[in-house]
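Since the structure of chain A is provided, determine the placement of chain B on it from the hints.
Those protein sequences? They're chains A and B, same order as listed.
Okay, so the first sequence: first residue is 1 according to the numbering used here, each after it adds one.
Okay, so the second sequence: first residue is 660 according to the numbering used here, each after it adds one.
Derived by calculation from the structure, the hints in this document are not laboratory data.
Heads up, the beta-carbon is just placed ideally off N, CA and C, and yes, glycines get one too.
Please note that the accuracy of each hint is not assured.
Said to hold, decoys possible - Per the computed footprint, the stretches of chain B lying under chain A, defined by three or more beta-carbons under 8 Å from a beta-carbon of chain A, are:
1) 663-673
2) 710-723
3) 778-788
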Amino acid sequence: MDHSGPENQRDERIEPQDRYELLPDATAESRLHQELARTWYVPKGVIGWFSVVDHRTIGKRYIVTAFSFFGFAGLLAALMRVQLAVPNNHFLGPDLYNQVFTTHGTMMMFLFAVPVMEAMGVYLVPLMVGARNIAFPRLNTFSYFVYLFGGIMLTATMLMNTAPDAGWFSYVPLAGPDFTPGKRSDFWAQLITFTEVSGLAVAVELVTTIFKTRAPGMSLNRMPLFVWAMLVASFMIIFSMPSVVTSSSILLLDRLVGTHFYNPAEGGDALLWQHLFWFFGHPEVYIIFVPALGMVSSIIAAFTQRPVFGYTALVLALVATGFIGFGLWVHHMFATGLPQLGLTYFTAASMVIAIPSGVQIFCWIASLWRGRPRFHAPLLFVVGFIAIFVLGGLSGVTLASVPFDLQVHDTYYVVAHFHYVLLGGAVFPLIGGIYFWFPKMTGRMMDDGLGRVNFWVLFFGFNITFFPMHILGFEGMPRRIYTYPAELGWGTLNLVSSLGAGLLAIGGLLLLVNVVRSYRFGAVATDNPWHADTLEWGTTSPPPVYNFLHLPVVEGRNALWDRSEDAPVVTGIRSDCREVLVTDVMDAEPSNKVSYPDPSIWPFLCAVVTSAFFIGSIFTPWALPVAILPLAITLIGWFWPKSEAADAPGVKKPLREVA
Amino acid sequence: MNRRRVLDVAALPDSAFGHQGLVWWGTVGFMVIEGSMFVIAIIVYFYLRLKVEAWPPGLPDPDPTFGTANLIVVLISVAPAAAAKAAAEKFDLSRVRSWLAVLVAMGVVSVVLRAFEYPALNCRWDDNAYGSIVWVLISMHTIHVATDVVDSAVLLVMAFTQPLTRKRYVDLSENSLYWYFIVAWWVPIYLVIYFAPRWL
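With the rest of the complex left out, here is chain A:
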């Protein structure tokens, strides 16, 4: 068999040609646009809706879905605040209250916070690195539907009064077979499987997109800070989520087939759960928080009209956070009687992580100080973030100290702390990010005036809700109690907190109103309404299906601001198939090209089978053998080449025929 045709002689490194050519006329450009639009089409119709593989559509669906779960979990929080507003209240019974706080925490962490950050990455990262789609687009579609089905499952259990009730971290033995009979904890365990499968898939897509499909010239040291943040968060997902998948799977096995991992009577160990859970659970906080830091940097650069101060320090701080975040998990377990020496180490590590956070805060303050900040809604949310996050960080440092932690462990002080860190540290920048990128995603501006009102309502609502909880914690109010007697004197602060929650709810509603109204009636956005520096602002708002008519070449760290008159564009990428450019990891030099797959229904079908398997395995181990065949069929359908032309358009003739 001879394969030495000219097709096969191209493995030697071929340099791209940097040269001048005649400017194409308008007809040629419009023909290119038409051809790209035809190639990168987004399918229509019902089957089309389930077959979409483009990152913008999937990214937007992810964001809307995640915010829907945010709304639902927020309503659950409102129910809790109604229940706790006055002593001896019986609005919610103890059993329902347990389900409500468990579902609130689980949904916020697993169905909102982590997915929404990944969702922003799915939408923004390919645009920011100048790519036409995310890497492994069909996997992206699959991950979305798996996530959606998992979320629907948890919501359904809540509505059917059979939701998990052992807390969002589902400690054994409470969550084990002896103390939670029935299926509630199994739903929790499988929700973890759903969300982690989708989360891990997105992390691999993002790492590949960032490492291999950056625009030529965007070397690592020119990468936007948001992209760096998504890269660090993706690596943290890859290294932490396997731990929680393992722990929740063996919990399911303990409950379903009688293994004894967490059963001390048969050589198992309950603390094993806490180690495995928090080895994931602590990095998870940073998985949520690190992308938000990237958003903060993007917003500050745009609203001060200058590069963020200390790029290198900020990148190093992000990376350091990624590493140190894995060395803190035992500070969640200070009250479990572990050896003193171990506790000391984890105290030190927990304090060390304040250093990179501090470095970032000072860099941002310096940027704001030296620039002329324009206080539009997105920047207000960033300033609010700095204020709230510093407070949350300080209470975090106090909790790192073992004697202090033992005093406030499992009290409302901890509830106050992590809401300051998560809402202040992640949700405020996220909402700022929504105001900031909304014009790019929809082509319309959000109402800035309403946005400022929105900010102040949320800012006051937040602080009124959560600040009193610090004091309640000092006064000894434990977490997860459904009511309390009047004599303890916790009534007033709880009432204040509940009123604040009402204000927070109004703030959430204002955001919704602003989004819906702006989506329909907002002022039409220009390509770059904020005069920002990253590549997504270099294409239309919203971007065309192919993202960029000509793939850009990047000449500096601030891609649009540094673009010279003479900036080259990439040519030689096919427009009749979904060909994309692959570049080097370090310097983003063009390396080769690859064609991405077309839309397909198979990833959706595979997600349906996967979900049926996950839910079935709550009830019977036979779900595995039953699911294998349909799973194999859908996977083969997914990967089977549709036809020669669709499979590899870069090859005129199959090699076999060439031979």
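Then chain B, alone, in the frame of chain A:
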């Protein structure tokens, strides 16, 4: 100005083996994830070991006969995997077909041997925590072996029925990489399952 500067990439190849291509990154990404799960399962094994006096607690040691046979089979199977990879990278269809067929056959042998390994563990998953982790360890690995055998079989069918494109040769090459990963993990898991009870 009626001229523009362009970076013309038309001459670049439309597929690439190894870390220059995208498939490699996806494969390695999932290898890291699954490798982390193996690491965690092994940590769980030794964590549980610390909790009891005797190991295995109240059960006979596992019998390593079939496990060792399986180890030999998968170690030898690295050769056809490497040959199939090399052939794929030379676009040599006939060699790809034959070496991939050998690889699939050895994979099937490995799965069959696994069926004999389970009874030789001398424990059930619900005997105690030791039995639980041993079953989970071996089953995690078995799922990987079985999945990659099916995957290789599908590629083999494609190699015989479909006109193979350059892109498909990349998949063939990365398939062997994934097989190396599975074989490499059998070494520590084999040692843990069969010899940790004897040596510890």
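Structure-based check of all given hints:
1. 663-673: Satisfied; 11 residues make the cut.
2. 710-723: holds (count 3)
3. 778-788: holds (count 5)
Consistency note: the structure conflicts with none of the earlier hints.
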